[in-house]
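Participant: Residue-level listing of the chains:
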Amino acid sequence: MIKVTDLTKRYARHTAVDHISFEVHKGQIVGFLGPNGAGKTTTMRMLTCFLPPTAGSATVAGFDVLEQSFEVKRRIGYLPETPPLYPEMRTVEYLQFVGSLKGLSKSELAKRVGYVCDRCAISDVKDKLLGKLSKGYRQRVGLAQAIIHNPDVLILDEPTSGLDPKQINDTRELIKSLAGDHTIILSTHILPEVEQTCEQVIIINKGKLVATDSVSNLQNRARGAESLLVEVGARGGNIDPAKVQSRIELVSGVTRVVLKNNRDNRSVFEVESRKGLVRGDLARSVVEAGWDLNELRPAAISLEEVFLQLTGEPAAVPAEEAVAAGVK
Amino acid sequence: MRNVWIILRKELRSYFVSPVAYLLLSMFAVIFGFFFWAQLNGFITYAMEMQMRGQMFPMNINESLIRPLLANVRVTGLFFIPLITMRLFAEEKRTGTIELLATSPISDTEIILGKWLAALTLYGCLLGLTALNFLFLFKYGRPDWKPLVIGYLGLLLEAGAMLAIGTFISTLTRNQIIAGAVTFAACLLLWVFEWVSEFDSATWAQVLSYASVTTHAQSFAKGLLSLKDAVYFVSTIFLGLFLTARSLESLRWRS
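Heads up: the protein sequence lines correspond to chains A and B, in order.
Using this note's numbering, the first residue of the first sequence is number 1, and each one after it goes up by one.
Using this note's numbering, the first residue of the second sequence is number 329, and each one after it goes up by one.
Excised from the complex, chain A in its bound form:
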């Protein structure tokens, strides 16, 4: 459905997208993953014919983005990073305007507006001014706008950024439900989002393609080793972190133990282990020593860690921030 070959975008001083090639098949949901400034938006803008590529080519549904941009535009629904809303328009007016802009006839228009309002759960703000809508509704109206003409391809630039957790979940469900009839590319810098919604992942960094793979393969590559967070506490008496650490290190399969935090008689360790079932042994070992096992959970793998493993470059973001970004 989408074929990108050696796509390049150069600006006066830097290269935003550098010889990227990938392919997306019909009906797939593809996650376009990369840190901020990696070139995700630029690539999407080239696919939607907003920016012309400097070199290379891209085709959507067999049409070239440069030569046959009208055909491409007719088949693409695009949600930019900030939904392109006119604050002085009402929701229905806006959807009618976008629909007619995309070439829908009057009778189709009425049907489609009703349909997308239901689909995106915006029926209750039909007659509200767009400028008065909350962030969540704006995002959903943006999504409704993208699917109004039932396009073959949907391109969504960070569709969940700035939403609250419930809205994020709703939006992901909505996107998942759209797959099948539509081929979807969504960009994000949040790894769990890709894990939850996408089948295929394209990772770029600094304008270059780092990996393109299925989600499960990527997870396996990223989780060659398992990383656990363990919180150990002691009732009453003091706890000696060094002692706990050496005890955990003795558990078979554990490769590395790092003390992350120690206060109020509770110590938090990050435990790396070879893949396998070390959790049972680990728990038993801690409890048998007379300590309390307060918490034992897999550490969230952040995108930066995946990068670290895939590219071998040091992560630019401090670990704490990376974890925060990962769970956002």
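Read the hints as simulated data drawn from the structure, not as lab findings.
A quick note: this is a predicted structure, and the numbers were derived from the prediction, not measured.
Ideal Cβ placement from N, Cα and C applies to all residues, glycine included.
There may be inaccurate statements among the hints.
Heads up, incomplete: computed chain B residues facing chain A, CB under 8 Å, no partners named [unchecked claim]:
1) 332
2) 336
3) 342
4) 345
5) 346
6) 350
7) 379
8) 421
9) 424
10) 427
11) 430
12) 433
13) 434
14) 437
15) 578
16) 580
A short list of chain B residues far from chain A (calculated; beta carbon distances all over 10 Å) [said to hold, decoys possible]:
17) 341
18) 380
19) 501
20) 571
21) 581
For chain A, the structure is supplied; the task is to place chain B on it using the hints.
Facilitator: Chain B in isolation, oriented as in the chain A frame:
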């Protein structure tokens, strides 16, 4: 053509849903109302003086009332043109809605034409307001309607040219105030270039004076339908809209 209409309708809606259009219309009505009242009183006083001096032939209402009033409309219009065009593209660039237009199956030409026509329509509404005042003259006097219609045609053509320039300037920035200020400066300069013809007749002065909108507004103001001047205005409109199209295109290559 359908796409031009879609854009035109959307632009008019945003003028008329927000207070912008009503504010411009009411300010224009108040300002022109004052001009009309002042000129009419001046005319009446003058007419009475003339009568007392014993002048027998009637004064020409077209010459001594309508023509100066149309000149007033023209000056007032100059101040309103930047207010009309400044948001056209600057606003879309600022809010990012330009991305929606640029990724829809609609050509740049259609977008530009729709927006410019919307601006011209709003300006036409301003002119329409002033026409209401002139209707009173027809009730109480017998002015000739032809020079009036030609005067309005000239105003519309001239405004079309300046609106096209304003549309172009609006694509250059995402800041409406900058767009408005630059448009005003550009239009004012085009307006006053004509002055050089009064003290110099060198080639550069002739060119400058020819480029001035004022030079070409004169015959229309006198009620003369001048093809030469109409051609100037129409080609300025084309130039402005052509520059707009080029600017939109370069936006994509640069941004």
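Participant: State for each hint whether it applies.
Facilitator: Tested hints:
1. A least Cβ separation of about 12 Å between residue 332 of chain B and chain A goes past the 8 Å threshold, and the interface hint is therefore violated.
2. Taken as an interface hint, residue 336 of chain B does not check out: its beta carbon lies about 12 Å from the nearest beta carbon of chain A, beyond 8 Å.
3. Annotation: interface hint on residue 342 of chain B holds; nearest CB of chain A at approximately 5 Å, less than 8 Å.
4. Taking 8 Å as the C-beta cut-off, the interface hint given for residue 345 of chain B holds, the closest approach to chain A being about 5 Å.
5. Annotation: residue 346 of chain B was flagged as interfacial toward chain A, and the flag holds, the nearest CB pair being 5 Å apart, inside 8 Å.
6. Below 8 Å, beta-carbon pairs count as interface contacts, and residue 350 of chain B has none with chain A, the closest being about 13 Å; its hint is therefore violated.
7. Checking residue 379 of chain B against chain A by beta carbon gives a least distance of about 55 Å; that is not within 8 Å, so the hint is violated.
8. A distance limit of 8 Å between C-beta atoms decides the matter here; for residue 421 of chain B the minimum to chain A is near 11 Å, and the interface restraint is violated.
9. Nearest Cβ of chain A to the Cβ of residue 424 of chain B: about 5 Å, under the 8 Å cut. The hint holds.
10. Contact between residue 427 of chain B and chain A, as hinted, is supported at the beta carbon level, the nearest pair being about 5 Å apart and thus within 8 Å.
11. This hint holds: residue 430 of chain B has a C-beta 5 Å from the nearest C-beta of chain A, less than the 8 Å allowed.
12. Checking residue 433 of chain B against chain A: minimum C-beta separation of about 4 Å stays under 8 Å; hint holds.
13. The interface hint given for residue 434 of chain B is met, as the beta carbon of that residue sits about 6 Å from the closest beta carbon of chain A, less than 8 Å.
14. Here the hint on residue 437 of chain B is broken, as its CB sits about 13 Å from the closest CB of chain A, past 8 Å.
15. Because the beta carbon of residue 578 of chain B sits about 11 Å from the nearest beta carbon in chain A, more than 8 Å, this interface hint is broken.
16. The interface hint given for residue 580 of chain B is met, as the beta carbon of that residue sits about 6 Å from the closest beta carbon of chain A, less than 8 Å.
17. At the 10 Å boundary, the C-beta of residue 341 of chain B falls inside the reach of chain A, the nearest C-beta of that chain being 7 Å off.
18. Every Cβ of chain A is farther than 10 Å from the Cβ of residue 380 of chain B; the closest lies at roughly 57 Å, confirming the non-interface assignment.
19. For residue 501 of chain B, the requirement that its beta carbon stay farther than 10 Å from each beta carbon of chain A is met, with the minimum near 19 Å.
20. Consistency note on residue 571 of chain B: stated as away from chain A, and its beta-carbon is indeed over 10 Å from all of that chain's, at 20 Å minimum.
21. Listed as outside the interface, residue 581 of chain B is inconsistent with that label: its C-beta sits roughly 6 Å from the nearest C-beta of chain A, within the 10 Å cut-off.
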